[in-house]
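Enquirer: Bring the two chains, given one by one in their own frames, into a single complex with the hints.
Protein sequence lines correspond, in order, to chains V and B. Reminder that position 23 of the first sequence reads as 22 in numbering that gives the first Met the number 0, one-by-one numbering, no gaps. Reminder that position 146 of the second sequence reads as 145 in numbering that gives the first Met the number 0, one-by-one numbering, no gaps.
Quick caveat, the hints were computed from the structure, so don't treat them as lab data. Computed from a prediction, not measured in an experiment: that's the story for all the values here. You may find that some hints are simply not true.
What the hints assert, rightly or not - List time: in silico SDA-like cross-link candidates among lysine to any residue, alpha-carbon distance up to 25 Å:
| # | chain 1 | residue 1 | chain 2 | residue 2 |
| --- | --- | --- | --- | --- |
| 1 | V | 68 | B | 15 |
| 2 | V | 253 | V | 216 |
| 3 | B | 2 | V | 12 |
| 4 | V | 216 | B | 59 |
| 5 | V | 3 | B | 164 |
| 6 | B | 8 | B | 66 |
| 7 | V | 119 | B | 128 |
| 8 | B | 2 | V | 11 |
| 9 | B | 164 | V | 122 |
| 10 | V | 216 | B | 35 |
| 11 | V | 3 | B | 59 |
| 12 | V | 68 | B | 59 |
| 13 | B | 8 | V | 6 |
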Amino acid sequence: MSLKSLTRDWEAMSYGFLDASAKREIRRKMIKAVAVPGCQMPYASREVPMARGWGTGGLQVSLTLINPKTRVKVIDQGADDSVNAASIRRFLARVSGAPTTLDTLEADLIQSRHRIPEEKLREDQVLVLQVPNPEPLRPVQPNMSVARQMHADADYGRMWLQLYEQIVRSGRVMQGASYPSMVNGRHVMTPSPIPRWDVPKLHMARHLTILSAGREKRIFAVPPYTRVEPLVFDDVPYKVEEHGALTCSRSGAKGFFMNEIPQDDGSSKYEISDSEYGVKTIRHADGEEVRLGETWYRNGEMPA
Amino acid sequence: MLKTPIPSKTENLANTAFDALIRSLSRPGRIRDLPEPGETPIIAALLDRECRVFCADPLLMPQVLASGAMLSEIEEADHVFLGALTDPDALRPVRLGSDLYPDDGATVVVRARLGEGQGLRLTGPGIETGETVRIGGLPDGFWRLRRDLVCYPRGFDVFFVDGAKVIGLPRSTEVEVL
Chain V
0 MSLKSLTRDW
10 EAMSYGFLDA
20 SAKREIRRKM
30 IKAVAVPGCQ
40 MPYASREVPM
50 ARGWGTGGLQ
60 VSLTLINPKT
70 RVKVIDQGAD
80 DSVNAASIRR
90 FLARVSGAPT
100 TLDTLEADLI
110 QSRHRIPEEK
120 LREDQVLVLQ
130 VPNPEPLRPV
140 QPNMSVARQM
150 HADADYGRMW
160 LQLYEQIVRS
170 GRVMQGASYP
180 SMVNGRHVMT
190 PSPIPRWDVP
200 KLHMARHLTI
210 LSAGREKRIF
220 AVPPYTRVEP
230 LVFDDVPYKV
240 EEHGALTCSR
250 SGAKGFFMNE
260 IPQDDGSSKY
270 EISDSEYGVK
280 TIRHADGEEV
290 RLGETWYRNG
300 EMPA
Chain B
0 MLKTPIPSKT
10 ENLANTAFDA
20 LIRSLSRPGR
30 IRDLPEPGET
40 PIIAALLDRE
50 CRVFCADPLL
60 MPQVLASGAM
70 LSEIEEADHV
80 FLGALTDPDA
90 LRPVRLGSDL
100 YPDDGATVVV
110 RARLGEGQGL
120 RLTGPGIETG
130 ETVRIGGLPD
140 GFWRLRRDLV
150 CYPRGFDVFF
160 VDGAKVIGLP
170 RSTEVEVL
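With the rest of the complex left out, here is chain B (with noise of 0.2 Å):
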């Protein structure tokens, strides 16, 4: 008789942490609940071997490292960590794939002050009319500098992280700064 298998302590991590993630890219803008504060679940749920990730962050390197994911410059990153952002240049060469491949964009984790800060109106896939969300602890420029580069389907995914709290912003949405 086959016995049902029990999830380990890290399955349910990658598991809870991924439907995090996906539902938050899923509404963006809306706050989802990750199972750990920081990037632990999210380095959990997404990062292996056959990943390359830049990291800006000294104090997340040895689990980014213990993943087994190969650490790279990051033009080259699919998986780019920045940590707290003080200068909005350092998200400038980050990966935007093609218009043949849009999978080859970066899926970039930035740490954030969700519900306080600047407000933001987002309309897109997974948004109804329109979102209004405050999404504080970015440096000036940042909103810009995203409209620059994401040429949709190109572009850079992003997920903002404030401890156990996450807002999913896929290429795909429009923000307007108000």
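Chain V with its partners taken away, still in its complex shape (with noise of 0.2 Å):
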């Protein structure tokens, strides 16, 4: 044995920022949370050069699946040009040399913040998604020890209470993101603060969703073709957010998630949330040639 065979040759940074054992860590972790769906495994969450709360559980991810052939999307609320997803696509990049896209159907490796695409996900795309409060629980329970025994029970009774309370008080659910999702039939999650409109398109999806929480240190997953079932009582059914009947004012796409802008005169105006698939629809206005995706929803509606 010689020092030679005990060093590695140096290196002005490690491949994608991330050194070699903190890649090997959240990978162990990524594989129980694969094979436990929607049960948050705790992991060591790394510094990033990112504050903690601003996307770094997700970041670690992608760092770790990442490499030089790696399509990179990342987006803000459905937005691929914010501050926050320009910042990290440009980061994801410096530091592995890998591709980046704003479109949904080039992209391997999706990272978001609070939105899943309008566009359906295939088979081999991995959508990364942000969470800021990984622990379903911590509403009706704030210590974590007996939410995890909670989970461990399968004890989801009180998160069922908080649904029956909302109703009674206002007469509707009010959650409005984040709303939490049984999955596989055993583990209640919190799909992150993804609006009500997106937890469907995790129910059997095609893609393999993996939710990481930096500052709280927690992962897991939905692999493909896993049920997740928003928690609703047999005679209150799920409901999404009225959005399928609005129209995007600049694009005209009609039937997907909106963003509401409000005007001077008291009125709204709506912008489609999916900023790319808006840029789409109007570039195919103009006769452009591009290649817009199936959807998941068809003229504001998920198909069952």
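Expert: Structure follows, in structure tokens:
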């Protein structure tokens, strides 16, 4: 054994920023997360040059999966051009040499904050969601150790009670985003603060979804073709936002999740939240040759 | 100006191997290609000083030791390399984790012959309706023992390796022996 055999060649920076041992730890945890869908696996969550709470969890997963051939798309609330998304995309490209794209259909790896693209993802694509608060039980049980025991016992009674109280007080379920959902009939997870509109897209989806919370140091996953069922009562069906009839004021796209833009006169205009889909719709209308993928929602309805 | 780092050979091996592993585990029963035959790429992708490893195959021992992993008894190991399995009871003491911490369940690597031998029908997460697969070279009683040991979410996850081919079988998969 020589010193040479024990050391590696000097590198200015580890490939993909994270060092090899950090990647191996995340890999081991990702394997367990896929094996037990929806169950939160603790991991170390290393420092990355970004403040915790700004997508460091998703970033670490992306950095582990990335190689120079991975085409990356990053979105923030559906938009490719927000500061957070643009910064993460530039960082990923810089430390890995990976090509980037804005088009959902071209991407191999999609890191997202709080949205799932409107176009259906394929089997070979991986969606990485940034999660601020991975514990669905936190509103009903602030003690993490007790919450873990509740997950172990599949004791979700308080979750149901919370939804029931909302219906009694307000006449409807008030949970707007991160709607608690049962994964594979066993673990309740929070699907990160994606709108209710996006939760059905996870159910029996063709792609792998990895959810990672950097600040809270938890990772969980939804493998392809896995049941993801929002918690609902038999007599109060699950309702998505009523955006099905709205039209985007810029692109004319209809039947997708919209951003509401308040106007001076008190009225509202709407703009499609999945910005690149809006851009493609405009290009298509201008007669350019663009490929619009199959979308999850058709005419504002999710086909059963 | 920043220079983009170029992946080293080890980084490439680990990255490609993990890609095959995570995809094989996400779609149980589908055969994926490892970048190199045998357990080498799996060791490169997963093992380091933080792991406790049980290794039944003496030929594999130098590689496991080179990764820096600590050798341990099978009851304590988080990664178990069984080589070619002859006695299903070798699997019995493997770590299954707990309902509180299912991630303590072990990752088991077994040599098998993929695409021949015992016919199996798989259902569960990662499988749309049902997947039929043939895995040979396993001792009699292996599937019965797996069914007895795995009590979801407690259990262990297996990678079946045949040369450079790999099949992942997470604990969430139901196996019906045909």
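Enquirer: Decide, hint by hint, whether the structure agrees.
Expert: Hint check results:
1. 68(V) <-> 15(B): This hinted pair holds, its Cα atoms lying about 11 Å apart.
2. 253(V) <-> 216(V): Violated - the C-alpha atoms of residue 216(V) and residue 253(V) are around 38 Å apart, more than 25 Å.
3. 2(B) <-> 12(V): Between residue 2(B) and residue 12(V) the Cα gap is close to 9 Å, so the pair holds against 25 Å.
4. 216(V) <-> 59(B): Cα-Cα ~33 Å, so violated.
5. 3(V) <-> 164(B): Status violated; Cα separation ~32 Å.
6. 8(B) <-> 66(B): holds (15 Å)
7. 119(V) <-> 128(B): Holds: residue 119(V) and residue 128(B) sit about 19 Å apart, inside 25 Å.
8. 2(B) <-> 11(V): holds (9 Å)
9. 164(B) <-> 122(V): Within the cut-off at roughly 20 Å; holds.
10. 216(V) <-> 35(B): violated (32 Å)
11. 3(V) <-> 59(B): Measuring from Cα to Cα gives roughly 22 Å; hence the hint holds.
12. 68(V) <-> 59(B): Violated. Residue 68(V) to residue 59(B) sits at ~31 Å, over the 25 Å cutoff.
13. 8(B) <-> 6(V): Holds, at roughly 14 Å.
Figure legend: structure checked against the earlier numbered hints; hints not met, in rising order: 2, 4, 5, 10, 12.
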